[in-house]
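Participant: Here are the chains, one letter per residue:
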Amino acid sequence: MEPYLEMKGVQKSFAGVKVLKGVDFSLLSGEVHALVGQNGAGKSTLMKVLGGIYPKDGGRIRVRGKERAIVSPRVAASLGIGIIHQELNLVPQLTVAENLFLGREHIIDGWPVIRWRRMREEASSLLERIGVNINPARRVEELSVGQQQLVEIAKVLSMKAEILVLDEPTAALTHRETKTLFETIRSLKSQGTGIVYISHRMEEIFRISDRITVLRDGEIVSTRKTVETDMDELVRMMVGRKIKECFPQKRPRLFGEERIRVENLSRRGMVEGIHFSIRAGEILGLFGLMGAGRTETADLLFGVRRKDSGRIWIDHEPVRIRQPRDAIQAGLTYVTENRKGNGLLLSMTVKENLSLPHLTSLSFTGVIHRHREEALARNLVRRLSIRTNGTKQQVGFLSGGNQQKVVIGKWLARRPKVCILDEPTRGVDISAKKEIYQLMNRLTGEGMAILLISSDLPELLSMSDRVLVLHEGRPADFFSKEEATRENVMTAATGGGRKVANSH
Amino acid sequence: GLVGCSAKSDLEGGKPQEKKVKIGLSISTLNNPFFVTLKEGAEKAAQEAGAELIIADAQDDTAKQANDVEDLIQKQVDILLINPTDSQAVASIIESANQAEIPVITVDREAEGGNVLSHIASDNVEGGKMAGEYILEQIENEGTIVELEGIPGTSAAHDRGKGFHEAIDREKGVQVVASQPANFDRAKGLSVMENILQSQKEITAIFAHNDEMALGAVQAIQAANQDILVVGFDATDDAVKAVKEGSLAATIAQRPADIGKMGVEVAVKAANGEKVESFYPVELEMVTKP
Amino acid sequence: MQTPINPRDIRIHWLKKVGPLAGLGGMILVLSVISPDFLNTSNVFNVLRQISINALLAFGITFVILTGGIDLSVGSILALSGALTAGMLAGGMDPWLAILVSLTAGAWMGAANGVLISKGRVAPFIATLATMTIFRGLTLVYTEGRPISYDNQAFSMLGKGYFLEIPVPVIWMGFAFAALYFLLKHTSFGRHVYAVGGNEEAARLSGVRTDRVKIGVYTISGLLASFSGIILTARLNSAQPTAGASYELDAIAAVVLGGTSLAGGKGWLIGTLIGSMIIGVLDNGLNLLNVPSFYQQVVKGSVILVAVLLDRFQKN
Amino acid sequence: MQTPINPRDIRIHWLKKVGPLAGLGGMILVLSVISPDFLNTSNVFNVLRQISINALLAFGITFVILTGGIDLSVGSILALSGALTAGMLAGGMDPWLAILVSLTAGAWMGAANGVLISKGRVAPFIATLATMTIFRGLTLVYTEGRPISYDNQAFSMLGKGYFLEIPVPVIWMGFAFAALYFLLKHTSFGRHVYAVGGNEEAARLSGVRTDRVKIGVYTISGLLASFSGIILTARLNSAQPTAGASYELDAIAAVVLGGTSLAGGKGWLIGTLIGSMIIGVLDNGLNLLNVPSFYQQVVKGSVILVAVLLDRFQKN
Ligand SMILES: Nc1ncnc2c1ncn2[C@@H]1O[C@H](COP(=O)(O)OP(=O)(O)OP(=O)(O)O)[C@@H](O)[C@H]1O
Ligand SMILES: Nc1ncnc2c1ncn2[C@@H]1O[C@H](COP(=O)(O)OP(=O)(O)OP(=O)(O)O)[C@@H](O)[C@H]1O
Ligand SMILES: O[C@@H]1[C@H](O)[C@H](O)CO[C@H]1O
Ligand SMILES: [Mg+2]
Ligand SMILES: [Mg+2]
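Chains as they are written, first to last, in the working numbering: chain E, 1 to 504; chain R, 1 to 290; chain D, 1 to 316; chain X, 1 to 316.
Heads up, a few of these hints could be off.
[Stated by the list, open to error] Dumping the calculated DSBU-like pairs for lysine-lysine here, alpha-carbon to alpha-carbon at most 35 Å: (1) E:Lys-160 to E:Lys-66; (2) D:Lys-119 to E:Lys-18; (3) E:Lys-340 to E:Lys-417; (4) R:Lys-275 to R:Lys-188; (5) E:Lys-160 to D:Lys-185; (6) D:Lys-119 to E:Lys-392; (7) X:Lys-266 to E:Lys-21; (8) R:Lys-289 to R:Lys-269; (9) X:Lys-119 to D:Lys-266; (10) D:Lys-266 to E:Lys-340; (11) X:Lys-266 to E:Lys-18; (12) E:Lys-160 to E:Lys-392; (13) E:Lys-18 to X:Lys-185; (14) R:Lys-244 to X:Lys-160; (15) R:Lys-188 to D:Lys-266; (16) X:Lys-185 to R:Lys-188; (17) E:Lys-179 to E:Lys-225; (18) R:Lys-188 to X:Lys-160; (19) R:Lys-275 to R:Lys-20; (20) E:Lys-66 to D:Lys-119; (21) E:Lys-434 to E:Lys-21.
[To be verified] Distance windows between CB atoms, simulated: (22) X:Ser-246 to R:Pro-281: 32 to 42 Å; (23) X:Trp-108 to E:Arg-306: 23 to 33 Å; (24) D:Ser-32 to E:Lys-340: 25 to 35 Å; (25) X:Gly-92 to R:Glu-110: 43 to 53 Å; (26) X:Met-93 to D:Thr-41: 49 to 59 Å; (27) E:Met-231 to X:Ala-263: 42 to 52 Å.
[Stated by the list, open to error] Residues from chain X that keep clear of chain R, each with C-beta distances beyond 12 Å, as calculated: (28) Val-30; (29) Met-88; (30) Leu-100; (31) Val-101; (32) Ala-123; (33) Phe-175; (34) Arg-212; (35) Ser-261; (36) Leu-305.
For the record, the hints were derived by calculation from the structure and aren't laboratory data.
We put the beta carbon where it would ideally sit given N, CA and C, even for glycine.
Make the full structure from the sequences, and use the hints.
Facilitator: This is the structure in structure tokens:
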């Protein structure tokens, strides 16, 4: 069978650094072809070349047998190539419907006048098709990251692409939406659509793909049929060495004094009556479906948004948190889920990002001590294995996973008491994930308390010592490590659990 | 001493009014001491005559002047004093006052259209000419001259330049080596003159379209230790002082306070039904060192 | 899984729209109490006519600002178009032809801005600052620094006339508003304007020709600037080389007072109309109240600040 | 896993910095060929002295623009500070005290901008447009629309004097540059300025007091505007109510010509100095070459455009 898509010897460099070193990749009709590799391997870059965003430096691309020059996203779309990029690409100020049809609005024949009703109706049915119930008249900025991701999926589906690229589509999704997405993928497959699937979640890869291509440092390591390989082999190919067991050995559960206590945290219309406490060395998992209010809880704790009510104690001392600075001074840190939006200074260097929260301690009478700053940055780059051209590299040019490491890294130079991690491994590759897990264990070992928000259920269940489940902004249930099974947690998250008022 | 003559107002001591006259004054700009003085002359006269004076500042914008005059018409003034930002454009503005049957008197600048009851002004073209002739006389019809121009496109810049060139262009011995805009602004006058001094080594005289620029030029000349004859325009307090000290050779005085004062006096008279002349000239005078 | 629309959201949305209107209403209330002349029909039309120039400029700039840009050159385009029109009329050209030529020239000037900004990747502020200087210079060159008068009563009616007691410029403003409102709200071009301002990269990836959209908005802005130059020329029976100087600032102020965000992507044309009215009512009121001119600037700046602050305050 | 710094990166970095410098070099070359007076020592100092006012304003605005803001009020602050200084000197106050009072006033005016923008959440463009109007109005009120002269030779030397053949304003400019360069490059405040401009929310979440940083940059801008007002007053032996009108545009042009991005987060102070020189050399050259007044604006706008375009072109 002739492949839908054939890429041969594709090359791409940024500022002289070879990111793609002659990559061959093909896609058949009706297949799901997984593309895997570590952060910075070049997966997204390859797809951006395909999507007409980056011009290639060398190589050929054939679509349905014909060699094509894909010079712009428009050309890619006209060739039936639809891409969901790793980073969200929606216009926050426009409505869901407007975003779904952006650039391809339904217009009255011969007139540039929009047919609103038709657009709204079609938007509804598109969203329904992937099992989401979002009002198409809502503005995208009011949606949570997960909901936005679903809108992106609906958008690319509506393009009726024959070649569909999904670059980490599930990173912001919970189990339930992932399941629906996979159903959609299967049905598209049966209609003959070819799908490139990029993910760092290994179980997904094995569940959905027909073939797997491993990319390492811009080169193809191997392309295998999914049934002919296994997790261990895949990981070995990606990393270049063997990695055992993903979740690290849990240290003995010996918790210290209570580090943080939260009572009656509320903000009208968002969350209500959140109670919990975390002891030294303990990891509290916070679970919920999309929009359940997890991020909101974290934002209120850290003073990003104003709470209507709620009291917080750190090490038994009541603290007043009205802005992030207060939280930091009280010993809290917060790794946010939206790294581009509020985690990073994309135009600044790795060093400047890493040192930003610590400038006071790095300077004397306001003057920054350059050597100490450099030493701090180098140390963190090494500790977290951040792949960068140096501490002076601009963060915006790092791969997604490496950006995430910078976000986490910038908090680690100081010794916080409580750490809030919102989706800390989103978009992070398997070896980096492992490093992050080990890091979490090391930090709890040093007496830190962690509030872990994650949509990755296996991760949440194995890393947490206790799990608090939110449902529609209220605490739905609270589970000990033993009770916290996939079934229990999901039942509570969907509103079927025993209601708890207090989860201390 | 004073060269030229001055017109003495013969309108003083009009009989007391039965009703309070409401006068609208639309002034071209108050960002300039000249018009501030004109305005103050008008205010003083209004107070003396017991008239109400409503002032609108067009900030040198013709369209704003059109709006201002309409607003004054809405205020139902008895009579309008207009100091046009532009002589031609003001015609249609005056027409709208005519329609509202409010008499119009122009001050300082003439209107080229519309029904104007009376005009009170001195002549900018004439002033430019006086400056040119004075310079010729002082340099004995020989030398190089620099002209500092006002804001390009304004009537004052245009008229003064015109009069100045009328006076000097026919003289073969003199040459205008540089004509540069310094926007009626002292700081700009200084920097433009500094720059000109870098390339023109022998300058005999400078004519600036107003005193602000002239005083800026004087700073540049002093810093360069040169001796150049500078003539300005307006006779502002600073300029008169500079003339006394000798750093400025002369300045053409327009007597703006008198223009304002006479404007109000004529307006009061007209509002009370008395007959007024169609033109009241306010003489220019040249201020030089005694 | 649908989250219901939050009642608070709706309230905020509504308040945002009502904010500028409330400011305008407040001003009108205060003025009509302290100045009996203010609410006359004739003064209402007077104010509307006065704002028409600013509103036309501000409409165009609204499009530009929605894409995240800015246009400082409108005052100069106004002047140059006005001068061209007056020049052609003075030369005896047919008024309609003269208008057509001027509008075309204005559109081209705007398009030049758009090309510099989109293709040349020059920051809008600096590109239009440069062209503002250039177009002003060209106006001076063309007029030789002198006003150009013409005599054509038919043409003058475009600026001075009345239609059913309504001043003609007000009618133009109404037409322009209706057309532009439709363009912004109901055409794909309009949606793309918001998209480019909201997230240019996303728009581009969705196949929106962002460069064209940008050239489009600056062209609209140039066209409207030219149109207001024509109306002003008609109203004054002549064109001034210095016309329109610093009008861009009042126009931008109107846009922002109306609630459009300078960051792009958010805003609405009705707001701009209201913003324009706020400024117009303010200027008119200051004159009617006979506020001394040096204080007028202080008051005007302060009122604008208060209006914007109140608006912010309401939204929180 | 660290890859070494790429030589090309360095080159790009260097080019970015060298772009504006190349533009300046080109202009100097052209001018020194066509005008023999251009490269005299005396003219070089002349140009440097002339740019000092613009450069001081532009230094302050650089801080503001780096945070993603803009400051249109500098020209008005310059005028008000100058008027205050002249007024106090005319009243016989000790020059040092007068300077101190004026600088304090300027800093407070800047701080007021900062508070409006950070605490009041008013868009910088509109906030400083409003205060520009207010401060100008206050200047007119204070001066009653007339220049204020004073007589104090010692004070005048601040603007007119020479120190080892170098004009004093040039020395001030040098000092200010050195101090601000250090502040921006080597202190945590400087870093926070970049951070706020790069991603305000991220900066806030990292514990940066973004409001204070903003108030800080506008205060610096106000302080420098006031300082340049003092120098200008010293040079002219008097203060004009209209001083500094539209200086903000030249200052912003200098910042952008120097390669600082109006979006914030990216830029450098040396660039601003170079940008200021480009504008100064241009003005000087137009005068030296005796370009007719109407054409000056056309040439100036075009040269600025070409400089920015060349810069873009080089970077690709
Ligand atoms: N615009 C750019 N400029 C410079 N370097 C870039 C740019 N885009 C990507 N890179 C570099 O190219 C390499 C590959 O990045 P890419 O985003 O393709 O990785 P990825 O495989 O998608 O990783 P991840 O799993 O983290 O998303 C990285 O080292 C990154 O730093
Ligand atoms: N800026 C906003 N404006 C209005 N509503 C918002 C905003 N941000 C979030 N919401 C809404 O608040 C609710 C809680 O959102 P939140 O992001 O806290 O959810 P979450 O549980 O963290 O989910 P996710 O998995 O998407 O991160 C959602 O219904 C979301 O749509
Ligand atoms: O007569 C005035 C003054 O001389 C001023 O300096 C400029 O404008 C003119 O009209
Ligand atoms: Mg990627
Ligand atoms: Mg979340």
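Participant: Each hint should be assessed against the structure and marked as holding or not.
Facilitator: Hints, one by one, checked against the model:
1. The straight-line distance between the Cα atoms of E:Lys-160 and E:Lys-66 is roughly 20 Å, inside the 35 Å bound, and the hint therefore holds.
2. Proposed proximity of D:Lys-119 and E:Lys-18 is supported: the alpha carbons are some 28 Å apart, at most 35 Å.
3. For the hint pairing E:Lys-340 with E:Lys-417, the CA-to-CA distance comes to about 25 Å; that is within 35 Å, so the pair holds.
4. In summary, the hint linking R:Lys-275 to R:Lys-188 is not supported, as the alpha carbons are separated by about 46 Å, beyond the 35 Å threshold.
5. Between E:Lys-160 and D:Lys-185, the direct Cα distance comes to roughly 27 Å. Compliance with the 35 Å bound is thereby established for this hinted pair.
6. Of the pairs offered as hints, the one joining D:Lys-119 and E:Lys-392 holds, with about 30 Å between alpha carbons and a cut-off of 35 Å not exceeded.
7. A C-alpha spacing of about 32 Å is found between X:Lys-266 and E:Lys-21, which places the hinted pair at or below 35 Å, so the restraint holds.
8. At roughly 38 Å between alpha-carbon atoms, R:Lys-289 and R:Lys-269 are farther apart than 35 Å, so this suggested pair is violated.
9. The hinted pair formed by X:Lys-119 and D:Lys-266 meets the criterion: a straight-line CA distance of about 21 Å does not exceed 35 Å.
10. With a C-alpha separation of about 21 Å, the suggested pairing of D:Lys-266 with E:Lys-340 holds against the 35 Å cut-off.
11. For the given pair, X:Lys-266 sits about 26 Å from E:Lys-18 by alpha-carbon distance, which is consistent with the 35 Å threshold.
12. Straight-line distance between C-alpha atoms of E:Lys-160 and E:Lys-392 comes to about 43 Å, which puts the hinted pair past the 35 Å bound.
13. For the given pair, E:Lys-18 sits about 32 Å from X:Lys-185 by alpha-carbon distance, which is consistent with the 35 Å threshold.
14. Between R:Lys-244 and X:Lys-160 the alpha-carbon distance is near 22 Å, which keeps this suggested pair within the 35 Å criterion.
15. Between the alpha carbons of R:Lys-188 and D:Lys-266 the distance comes to roughly 41 Å, so the proposed pair goes past 35 Å and is violated.
16. With a CA separation close to 34 Å, the supplied pair X:Lys-185 and R:Lys-188 stays within the 35 Å bound.
17. A hinted pair counts as satisfied when its Cα atoms are at most 35 Å apart, and E:Lys-179 with E:Lys-225 qualifies at roughly 22 Å.
18. Our distance criterion of 35 Å between C-alpha atoms is met by R:Lys-188 and X:Lys-160, whose separation comes to about 15 Å.
19. This hinted pair checks out: R:Lys-275 and R:Lys-20 have alpha carbons roughly 18 Å apart, not beyond 35 Å.
20. This hinted pair checks out: E:Lys-66 and D:Lys-119 have alpha carbons roughly 31 Å apart, not beyond 35 Å.
21. A hinted pair counts as satisfied when its Cα atoms are at most 35 Å apart, and E:Lys-434 with E:Lys-21 qualifies at roughly 27 Å.
22. One distance hint, 32 to 42 Å for the beta-carbon pair X:Ser-246 and R:Pro-281, holds here, with the actual separation near 36 Å.
23. Distance hint for X:Trp-108 and E:Arg-306: a CB-CB separation of about 30 Å, consistent with the stated range 23 to 33 Å.
24. In this structure, D:Ser-32 and E:Lys-340 break the distance hint of 25 to 35 Å, their C-beta atoms being roughly 51 Å apart.
25. Between X:Gly-92 and R:Glu-110 the beta carbon distance is about 45 Å. The supplied range of 43 to 53 Å therefore holds.
26. As the Cβ distance of X:Met-93 to D:Thr-41 is approximately 55 Å, the hint placing it in 49 to 59 Å holds.
27. For E:Met-231 and X:Ala-263, the Cβ-Cβ distance of about 45 Å falls inside the hinted range of 42 to 52 Å, so the restraint holds.
28. No Cβ of chain R comes within 12 Å of the Cβ of X:Val-30; the nearest lies about 15 Å off, and the non-interface call holds.
29. Its beta-carbon lying about 18 Å from the closest one in chain R, X:Met-88 satisfies the requirement of being farther than 12 Å from that chain.
30. Every C-beta of chain R lies more than 12 Å from that of X:Leu-100, the closest at about 23 Å, which supports listing it as non-interface.
31. At the 12 Å boundary, the C-beta of X:Val-101 stays outside the reach of chain R, the nearest C-beta of that chain being 22 Å off.
32. No beta-carbon of chain R is positioned within 12 Å of the beta-carbon of X:Ala-123; the least distance is around 24 Å.
33. Residue-level check passed: X:Phe-175 sits 22 Å from the nearest beta carbon of chain R, beyond 12 Å.
34. Once the 12 Å rule is applied to beta carbons, X:Arg-212 is consistent with being away from chain R; the minimum gap is 34 Å.
35. Under the 12 Å C-beta cut-off, the non-interface status given to X:Ser-261 relative to chain R holds; the minimum distance is some 29 Å.
36. Against chain R, the non-interface label of X:Leu-305 holds: every CB pair exceeds 12 Å, the least being about 21 Å.
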